[in-house]
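*Asks:* Sequence:
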Amino acid sequence: MHKYYLTHLQELESEAIYVIREVVAQFDRPAILFSGGKDSIVVTHLAQKAFWPAKIPMPLIHIDTGHNFPETMEFRDQLVERLGVQLIVGSVQEAINKGRAVEESGINASRNELQIVSLLDTIEHHKIDAAIGGARRDEEKARSKERFFSHRDEFGQWDPKNQRPELWNIFNGRKRMGEHFRVFPISNWTEMDIWNYILQENIAIPSLYFAHNRNAVYRDGTWLPASEFLSLRDGEFVENKLMRFRTLGDITITGGIESDADTLEKIVAEVSATRSTERGNRSDDKRSDTSMEDRKKQGYF
1 MHKYYLTHLQ ELESEAIYVI REVVAQFDRP AILFSGGKDS IVVTHLAQKA FWPAKIPMPL
61 IHIDTGHNFP ETMEFRDQLV ERLGVQLIVG SVQEAINKGR AVEESGINAS RNELQIVSLL
121 DTIEHHKIDA AIGGARRDEE KARSKERFFS HRDEFGQWDP KNQRPELWNI FNGRKRMGEH
181 FRVFPISNWT EMDIWNYILQ ENIAIPSLYF AHNRNAVYRD GTWLPASEFL SLRDGEFVEN
241 KLMRFRTLGD ITITGGIESD ADTLEKIVAE VSATRSTERG NRSDDKRSDT SMEDRKKQGY
301 F
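The opening residue of the sequence shown carries number 1 in UniProt numbering; numbering runs sequentially from there.
Hints are supplied without guarantee of correctness; some may be wrong.
[Stated by the list, open to error] Calculated pairs, DMTMM-like style, for lysine to aspartate or glutamate (alpha carbon to alpha carbon, straight line, at most 20 Å):
| hint | residue 1 | residue 2 |
| --- | --- | --- |
| 1 | K175 | E15 |
| 2 | K241 | E71 |
| 3 | K55 | E22 |
| 4 | K145 | D28 |
| 5 | K49 | E11 |
| 6 | K266 | D220 |
| 7 | K145 | E191 |
| 8 | K145 | D159 |
| 9 | K127 | E22 |
| 10 | K241 | D220 |
| 11 | K127 | D28 |
| 12 | K175 | D121 |
| 13 | K241 | D260 |
Derived from the structure by calculation, the hints contain no laboratory data.
Let's have the full structure, built from the sequences with the hints guiding it.
*Replies:* So, in C-alpha coordinates, the structure goes:
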(Lines of atoms letter the chains of each structure in order from A and count residues from 1; the text may use other names and numbers.)
(Lines give C-alpha, C1' and ligand atoms only; values in the text may rest on other atoms or scores of the structure.)
Protein backbone atom coordinates (compact mmCIF):
# COMPACT_ATOMS: atom_id res chain seq x y z
CA MET A 1 0.00 0.00 0.00
CA HIS A 2 1.30 3.42 -0.96
CA LYS A 3 1.75 5.74 2.01
CA TYR A 4 0.90 9.40 1.68
CA TYR A 5 3.33 11.76 3.38
CA LEU A 6 3.28 15.53 3.60
CA THR A 7 6.34 17.65 4.17
CA HIS A 8 6.30 20.30 6.90
CA LEU A 9 5.51 23.05 4.40
CA GLN A 10 2.82 20.95 2.72
CA GLU A 11 1.11 20.43 6.08
CA LEU A 12 1.13 24.16 6.78
CA GLU A 13 -0.14 24.91 3.28
CA SER A 14 -2.94 22.34 3.59
CA GLU A 15 -4.01 23.75 6.96
CA ALA A 16 -4.06 27.33 5.66
CA ILE A 17 -6.04 26.42 2.54
CA TYR A 18 -8.58 24.57 4.70
CA VAL A 19 -9.02 27.67 6.90
CA ILE A 20 -9.44 29.95 3.87
CA ARG A 21 -12.08 27.65 2.37
CA GLU A 22 -13.88 27.54 5.73
CA VAL A 23 -14.09 31.34 5.66
CA VAL A 24 -15.74 31.35 2.25
CA ALA A 25 -18.11 28.57 3.37
CA GLN A 26 -19.18 30.28 6.62
CA PHE A 27 -19.24 33.99 5.79
CA ASP A 28 -21.10 36.16 3.29
CA ARG A 29 -18.62 38.99 2.62
CA PRO A 30 -15.04 37.91 3.36
CA ALA A 31 -11.96 39.90 2.33
CA ILE A 32 -8.17 39.63 2.53
CA LEU A 33 -6.29 42.31 4.45
CA PHE A 34 -3.38 43.16 2.14
CA SER A 35 -0.47 45.26 3.38
CA GLY A 36 1.98 44.41 0.60
CA GLY A 37 4.22 42.57 3.07
CA LYS A 38 5.44 39.00 2.70
CA ASP A 39 2.80 37.48 5.00
CA SER A 40 -0.21 38.99 3.23
CA ILE A 41 1.38 38.06 -0.10
CA VAL A 42 1.67 34.43 1.03
CA VAL A 43 -1.97 34.48 2.23
CA THR A 44 -3.05 35.82 -1.16
CA HIS A 45 -1.03 33.10 -2.89
CA LEU A 46 -2.70 30.46 -0.69
CA ALA A 47 -6.14 31.89 -1.51
CA GLN A 48 -5.26 31.66 -5.19
CA LYS A 49 -4.37 27.98 -4.71
CA ALA A 50 -7.49 27.33 -2.63
CA PHE A 51 -9.87 28.26 -5.46
CA TRP A 52 -7.79 27.56 -8.57
CA PRO A 53 -8.64 27.64 -11.48
CA ALA A 54 -11.30 30.17 -10.43
CA LYS A 55 -10.27 33.65 -9.35
CA ILE A 56 -9.99 34.57 -5.68
CA PRO A 57 -13.67 35.05 -4.67
CA MET A 58 -13.10 38.01 -2.36
CA PRO A 59 -11.57 41.49 -2.55
CA LEU A 60 -8.25 42.65 -1.14
CA ILE A 61 -8.38 45.47 1.42
CA HIS A 62 -5.44 47.85 1.69
CA ILE A 63 -5.27 50.71 4.19
CA ASP A 64 -3.33 53.55 2.57
CA THR A 65 -1.68 55.63 5.28
CA GLY A 66 -0.07 58.04 2.85
CA HIS A 67 3.28 57.00 4.35
CA ASN A 68 3.68 53.76 2.42
CA PHE A 69 6.87 52.78 0.61
CA PRO A 70 6.47 53.64 -3.11
CA GLU A 71 7.78 50.14 -3.90
CA THR A 72 4.95 48.61 -1.85
CA MET A 73 2.26 50.57 -3.68
CA GLU A 74 3.73 49.69 -7.07
CA PHE A 75 3.85 46.00 -6.14
CA ARG A 76 0.25 46.10 -4.86
CA ASP A 77 -1.09 47.54 -8.10
CA GLN A 78 0.84 45.03 -10.22
CA LEU A 79 -0.44 42.10 -8.14
CA VAL A 80 -4.06 43.23 -8.31
CA GLU A 81 -3.84 43.62 -12.09
CA ARG A 82 -2.18 40.23 -12.51
CA LEU A 83 -4.72 38.37 -10.35
CA GLY A 84 -7.75 40.27 -11.63
CA VAL A 85 -9.17 40.80 -8.14
CA GLN A 86 -11.07 43.71 -6.63
CA LEU A 87 -9.06 46.14 -4.51
CA ILE A 88 -10.71 48.14 -1.72
CA VAL A 89 -8.59 51.03 -0.42
CA GLY A 90 -9.19 52.72 2.92
CA SER A 91 -7.53 56.12 3.30
CA VAL A 92 -6.02 57.44 6.53
CA GLN A 93 -5.74 60.91 4.97
CA GLU A 94 -9.47 60.84 4.27
CA ALA A 95 -10.15 59.92 7.91
CA ILE A 96 -7.97 62.85 9.03
CA ASN A 97 -9.76 65.25 6.66
CA LYS A 98 -13.14 64.17 8.06
CA GLY A 99 -11.97 64.61 11.64
CA ARG A 100 -12.23 60.88 12.32
CA ALA A 101 -8.52 60.69 13.16
CA VAL A 102 -5.99 63.20 14.48
CA GLU A 103 -2.52 63.50 12.95
CA GLU A 104 0.33 62.93 15.40
CA SER A 105 3.07 65.54 15.74
CA GLY A 106 6.68 65.46 16.86
CA ILE A 107 9.88 63.64 15.92
CA ASN A 108 8.34 60.17 16.30
CA ALA A 109 4.98 61.01 14.68
CA SER A 110 3.41 58.04 12.92
CA ARG A 111 0.17 57.17 11.16
CA ASN A 112 0.38 53.53 12.17
CA GLU A 113 -2.22 53.72 14.94
CA LEU A 114 -4.49 55.90 12.78
CA GLN A 115 -5.00 52.88 10.52
CA ILE A 116 -7.42 51.49 13.12
CA VAL A 117 -10.07 54.10 12.29
CA SER A 118 -9.71 53.66 8.53
CA LEU A 119 -9.74 49.86 8.77
CA LEU A 120 -12.88 49.72 10.93
CA ASP A 121 -14.62 52.31 8.73
CA THR A 122 -13.77 50.28 5.62
CA ILE A 123 -14.99 47.03 7.17
CA GLU A 124 -18.25 48.68 8.25
CA HIS A 125 -18.84 50.49 4.94
CA HIS A 126 -18.38 47.35 2.85
CA LYS A 127 -20.13 45.11 5.42
CA ILE A 128 -17.13 42.77 5.63
CA ASP A 129 -17.91 39.92 8.04
CA ALA A 130 -14.56 38.11 7.85
CA ALA A 131 -11.20 39.80 7.28
CA ILE A 132 -8.36 37.38 6.53
CA GLY A 133 -4.97 38.56 7.77
CA GLY A 134 -1.37 37.37 7.72
CA ALA A 135 -0.61 37.52 11.45
CA ARG A 136 1.52 34.68 12.82
CA ARG A 137 1.82 33.49 16.41
CA ASP A 138 5.63 33.60 16.42
CA GLU A 139 5.78 37.31 15.50
CA GLU A 140 4.85 38.96 18.77
CA LYS A 141 3.45 38.04 22.19
CA ALA A 142 0.10 39.73 21.53
CA ARG A 143 -0.33 37.53 18.46
CA SER A 144 0.83 34.32 20.13
CA LYS A 145 -2.54 33.72 21.80
CA GLU A 146 -4.70 34.45 18.77
CA ARG A 147 -7.04 31.78 17.43
CA PHE A 148 -7.56 31.07 13.74
CA PHE A 149 -11.05 32.64 13.96
CA SER A 150 -10.72 35.78 16.12
CA HIS A 151 -14.07 37.31 17.09
CA ARG A 152 -14.52 41.10 17.02
CA ASP A 153 -17.49 42.90 18.57
CA GLU A 154 -19.70 45.54 16.94
CA PHE A 155 -17.00 48.14 17.63
CA GLY A 156 -14.33 46.00 15.94
CA GLN A 157 -12.59 45.34 19.24
CA TRP A 158 -11.00 42.13 20.50
CA ASP A 159 -12.23 40.73 23.83
CA PRO A 160 -10.62 37.54 25.19
CA LYS A 161 -13.91 36.54 26.85
CA ASN A 162 -15.66 36.37 23.47
CA GLN A 163 -13.17 34.05 21.77
CA ARG A 164 -14.48 30.62 20.77
CA PRO A 165 -12.84 27.28 21.56
CA GLU A 166 -11.25 25.66 18.50
CA LEU A 167 -11.35 21.88 18.71
CA TRP A 168 -9.37 20.04 16.06
CA ASN A 169 -10.42 21.62 12.73
CA ILE A 170 -13.85 22.85 13.86
CA PHE A 171 -14.33 26.61 13.62
CA ASN A 172 -17.29 28.58 14.97
CA GLY A 173 -18.05 31.63 12.85
CA ARG A 174 -21.41 32.52 14.42
CA LYS A 175 -21.83 36.20 15.19
CA ARG A 176 -24.39 38.92 15.80
CA MET A 177 -25.30 41.72 13.41
CA GLY A 178 -22.45 44.23 13.14
CA GLU A 179 -19.79 41.86 14.50
CA HIS A 180 -17.07 40.31 12.38
CA PHE A 181 -14.12 37.94 12.53
CA ARG A 182 -10.44 38.33 11.79
CA VAL A 183 -9.06 35.06 10.44
CA PHE A 184 -5.39 34.07 10.44
CA PRO A 185 -4.70 31.04 8.18
CA ILE A 186 -0.91 31.13 8.67
CA SER A 187 -1.03 31.36 12.48
CA ASN A 188 1.24 28.32 12.88
CA TRP A 189 3.89 29.47 10.39
CA THR A 190 7.24 30.90 11.45
CA GLU A 191 9.32 33.51 9.65
CA MET A 192 11.54 30.67 8.44
CA ASP A 193 8.50 28.81 7.08
CA ILE A 194 7.38 31.92 5.20
CA TRP A 195 10.74 32.37 3.49
CA ASN A 196 11.12 28.68 2.66
CA TYR A 197 7.63 28.71 1.15
CA ILE A 198 8.32 31.86 -0.88
CA LEU A 199 11.48 30.18 -2.18
CA GLN A 200 9.69 26.89 -2.91
CA GLU A 201 6.76 28.54 -4.72
CA ASN A 202 8.89 31.28 -6.33
CA ILE A 203 6.46 33.94 -5.10
CA ALA A 204 7.10 37.51 -6.22
CA ILE A 205 7.76 39.95 -3.36
CA PRO A 206 8.63 43.67 -3.19
CA SER A 207 12.24 44.61 -3.89
CA LEU A 208 12.46 46.09 -0.38
CA TYR A 209 13.07 42.62 1.03
CA PHE A 210 16.29 42.27 -0.98
CA ALA A 211 19.57 44.06 -0.24
CA HIS A 212 19.77 47.47 -1.89
CA ASN A 213 21.47 50.81 -1.33
CA ARG A 214 19.30 53.30 0.53
CA ASN A 215 19.73 56.54 2.45
CA ALA A 216 18.90 55.92 6.10
CA VAL A 217 19.18 57.37 9.60
CA TYR A 218 20.39 55.31 12.57
CA ARG A 219 17.88 55.69 15.41
CA ASP A 220 17.11 53.54 18.47
CA GLY A 221 19.18 50.62 17.23
CA THR A 222 17.81 50.43 13.70
CA TRP A 223 18.19 52.07 10.28
CA LEU A 224 15.10 54.14 9.43
CA PRO A 225 14.83 55.03 5.73
CA ALA A 226 15.23 58.70 4.93
CA SER A 227 12.02 60.21 3.57
CA GLU A 228 10.04 63.45 3.46
CA PHE A 229 8.13 62.27 6.54
CA LEU A 230 11.18 61.68 8.76
CA SER A 231 12.45 64.58 10.88
CA LEU A 232 16.04 64.40 12.11
CA ARG A 233 16.97 64.74 15.76
CA ASP A 234 19.98 66.79 16.83
CA GLY A 235 23.13 64.88 15.96
CA GLU A 236 21.45 62.57 13.45
CA PHE A 237 22.59 62.44 9.85
CA VAL A 238 21.74 60.52 6.70
CA GLU A 239 24.02 57.71 5.51
CA ASN A 240 23.89 55.46 2.48
CA LYS A 241 23.71 51.81 3.48
CA LEU A 242 23.44 48.42 1.80
CA MET A 243 20.36 47.15 3.62
CA ARG A 244 17.08 45.29 3.40
CA PHE A 245 13.86 44.99 5.41
CA ARG A 246 12.68 41.89 7.29
CA THR A 247 9.18 43.28 7.80
CA LEU A 248 7.28 46.04 6.01
CA GLY A 249 5.07 48.81 7.38
CA ASP A 250 4.99 52.55 6.94
CA ILE A 251 8.22 54.15 5.78
CA THR A 252 8.33 56.17 9.03
CA ILE A 253 8.41 53.14 11.37
CA THR A 254 10.05 50.33 9.41
CA GLY A 255 13.69 49.86 10.28
CA GLY A 256 16.09 47.98 8.04
CA ILE A 257 19.11 45.80 8.68
CA GLU A 258 22.52 45.95 7.05
CA SER A 259 22.62 42.99 4.68
CA ASP A 260 23.96 41.78 1.35
CA ALA A 261 21.21 39.16 0.90
CA ASP A 262 20.02 39.94 -2.62
CA THR A 263 18.47 36.56 -3.48
CA LEU A 264 15.86 34.35 -1.83
CA GLU A 265 18.49 31.72 -1.10
CA LYS A 266 20.66 34.27 0.71
CA ILE A 267 17.66 35.57 2.69
CA VAL A 268 16.77 32.04 3.84
CA ALA A 269 20.37 31.49 4.95
CA GLU A 270 20.45 34.86 6.74
CA VAL A 271 17.15 34.29 8.57
CA SER A 272 18.21 30.81 9.66
CA ALA A 273 21.32 32.24 11.31
CA THR A 274 19.87 35.40 12.88
CA ARG A 275 19.29 35.73 16.62
CA SER A 276 17.21 38.92 16.57
CA THR A 277 13.42 39.09 16.44
CA GLU A 278 11.59 39.78 13.20
CA ARG A 279 9.78 42.87 14.49
CA GLY A 280 12.74 44.15 16.49
CA ASN A 281 13.27 46.91 13.91
CA ARG A 282 9.68 48.22 14.03
CA SER A 283 9.64 51.50 15.96
CA ASP A 284 5.86 51.29 16.50
CA ASP A 285 6.37 48.20 18.66
CA LYS A 286 8.84 50.07 20.89
CA ARG A 287 6.39 52.68 22.17
CA SER A 288 5.48 50.44 25.11
CA ASP A 289 5.72 46.79 26.14
CA THR A 290 2.00 46.39 25.45
CA SER A 291 1.74 48.49 22.28
CA MET A 292 0.62 45.61 20.05
CA GLU A 293 -1.81 44.28 22.67
CA ASP A 294 -3.35 47.73 23.09
CA ARG A 295 -3.79 48.17 19.34
CA LYS A 296 -5.27 44.69 19.00
CA LYS A 297 -7.97 45.52 21.56
CA GLN A 298 -8.77 48.66 19.56
CA GLY A 299 -9.20 46.65 16.35
CA TYR A 300 -5.77 47.02 14.75
CA PHE A 301 -5.21 43.56 13.26
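*Asks:* All hints are to be evaluated individually against the structure, with a verdict given for each.
*Replies:* Results of checking the hints against the structure:
A hinted pair counts as satisfied when its Cα atoms are at most 20 Å apart, and K175 with E15 does not qualify at roughly 23 Å. For the proposed pair K241 and E71, the alpha carbon gap of about 18 Å is at most 20 Å, so the pair holds. For the suggested pair K55 and E22, the alpha carbons sit about 17 Å apart, so the restraint of at most 20 Å is met. About 26 Å separates the Cα atoms of K145 and D28, which puts this hinted pair outside 20 Å; it is violated.
A threshold of 20 Å between alpha carbons decides the hint, and for K49 with E11 the separation of about 14 Å falls inside it, so the pair holds. Taking the CA atoms of K266 and D220, the gap is about 26 Å. The hint is violated against a cut of 20 Å. At most 20 Å may separate the alpha-carbon atoms for a hinted pair to count; K145 and E191 meet this at roughly 17 Å. For the hint pairing K145 with D159, the CA-to-CA distance comes to about 12 Å; that is within 20 Å, so the pair holds.
Annotation: proposed proximity of K127 to E22 holds, straight-line Cα distance about 19 Å (limit 20 Å). With a CA separation close to 16 Å, the supplied pair K241 and D220 stays within the 20 Å bound. Distance check on the hinted pair: K127 and D28 sit about 9 Å apart at the alpha-carbon level, within 20 Å; holds. A threshold of 20 Å between alpha carbons decides the hint, and for K175 with D121 the separation of about 19 Å falls inside it, so the pair holds.
This hinted pair checks out: K241 and D260 have alpha carbons roughly 10 Å apart, not beyond 20 Å.
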